[in-house]
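Turn these sequences into a full structure, and let the hints guide you.
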Amino acid sequence: MRQALSVLSLLLAAVLAAASLAGFQINQLLREEEPIAQIAGELPAQQGFSELVSETLLDRLESELPGGVSDLLGDRADSAVDSLVASMLENEEVDAAWNETLQGTRADYTAQLEAMFDQGTTGDASDLDLAVDLSPMAEAMTGPLREGLDSALGWLPFLDTSSFEFLAPELVVDIEASTGEDADPYTWALLVELSKHWLVLAVLSGIMVAVGLLLGPGRSRWVALTLGGLLGLGLGLWVALTVAAPEFGAVSDAATQSLVEHLESQITAWAQPAWWIFSGAAGAAVVLGLLGSAAAGSGASRGRRDAGVNQGHGVTAPGTRR
1 MRQALSVLSL LLAAVLAAAS LAGFQINQLL REEEPIAQIA GELPAQQGFS
51 ELVSETLLDR LESELPGGVS DLLGDRADSA VDSLVASMLE NEEVDAAWNE
101 TLQGTRADYT AQLEAMFDQG TTGDASDLDL AVDLSPMAEA MTGPLREGLD
151 SALGWLPFLD TSSFEFLAPE LVVDIEASTG EDADPYTWAL LVELSKHWLV
201 LAVLSGIMVA VGLLLGPGRS RWVALTLGGL LGLGLGLWVA LTVAAPEFGA
251 VSDAATQSLV EHLESQITAW AQPAWWIFSG AAGAAVVLGL LGSAAAGSGA
301 SRGRRDAGVN QGHGVTAPGT RR
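Here the sequence shown is numbered in the working numbering, starting from 1 and rising by one per residue.
Hint data in this document are derived by calculation from the structure and do not stem from the laboratory.
Glycine included, C-beta positions come from ideal geometry on N, C-alpha and C.
The reader is advised that the hints may include incorrect statements.
Computed beta-carbon distance windows for the label pairs [claimed, not checked]:
1. V203 to G104: 29 to 35 Å
2. I175 to Q119: 21 to 27 Å
3. E100 to T256: 21 to 27 Å
4. I175 to L5: 46 to 52 Å
5. E181 to A250: 18 to 24 Å
6. E247 to G41: 20 to 26 Å
7. N91 to E261: 22 to 28 Å
8. Q3 to D174: 50 to 56 Å
9. A254 to V15: 40 to 46 Å
10. G234 to R2: 21 to 27 Å
11. R2 to D129: 49 to 55 Å
Set out below in C-alpha cells:
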C-alpha cells in the first residue's frame, strides 16, 4: 500500500510541476509586459511588415484619390509610399506606439478571457478571436506619411491634401483564433484563471515529492522517484517540441509568411528554454532514482550475504570427552 501511494505521489508531483511551469508562462505572457514585447516587439523591423503596411496604404490611397489620379501617378506613388513607410518604421514614436498596441492588446485579451471565466461563453470558438487595436500605430505612422505625401503629391492642382487624414483611422483588426472550430472557449478561460495559481501548484508538487519519498519503504521510494522523473521527462520533452515550438502553417502571402516565421522563432526562443531545463531536472531525478535504487538493492544483498555467513559460521557446543 505504501509503495503504491509513493508511486502515485511522485507521478502527481511530476504532473503538478509541469502544470506549474505552464501556468507560470501563461501568467507571464498575459499579465506581464516583457514576454509579449520580446516575442512581437521586433515585428515592425521585419521586411514583411513594411511590405504589408505599404500595400495596405496604397490600396487605401487608390480608393480615396479621384478617378484617374492613380493611373497618372503610376509607380511614383508606389515608390513614394515605400520609401516613406521604410523611414517612418524607424521612428521612435512608431516603436512606442507599437509597444502601446501590444500591451493594450495583451491587457484587453486577458480581460476578455477572465470575463469568459466569470460570465460564461457562447460555446463558439470565435469567442477566442483576438481584437488588435492598431489606432496608436496608425496615428504614429501616418503623421510623417501624411506630411511626406503632401510634399510628394501636393503639386497636383486638383488634389486636396487634407484628404490624407483618412490615413489615420481608428483601426481594429480581428484575428481569428488558431485553436480550431471544436475548441471550447471556457476550457481556455479556465486555464488562464488557473495560471494565476502557478505558485500554489509548484508548492503542491514539492509536497508530493516529499510525501512520496517518505512513504516509500526502502528501495521502492527510489523506484517511485524514477517513475515520476520519467513522466516529468516525457511531459517536458513533449511540451518543448510541440506547444513551445509552434508551427502556424503556411500562408499564401510571402510577406505575411515571413512575419509568421518570425513569430514562430520568437515564441520558441522565449518558451522553449524553460522546458529544456524542466526536462533536464526530470532527467536528473531519473538518474538519482536509478542510483538510489541500485544502492539500496546492493545494500540489501550485502545484508543478506552477511546474515548467511553468520549462520554458516555459527558456534556449536563441544561434545563430551571420553
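Violated hints, by number in ascending order, as checked against the structure: No hint contradicted; all consistent.
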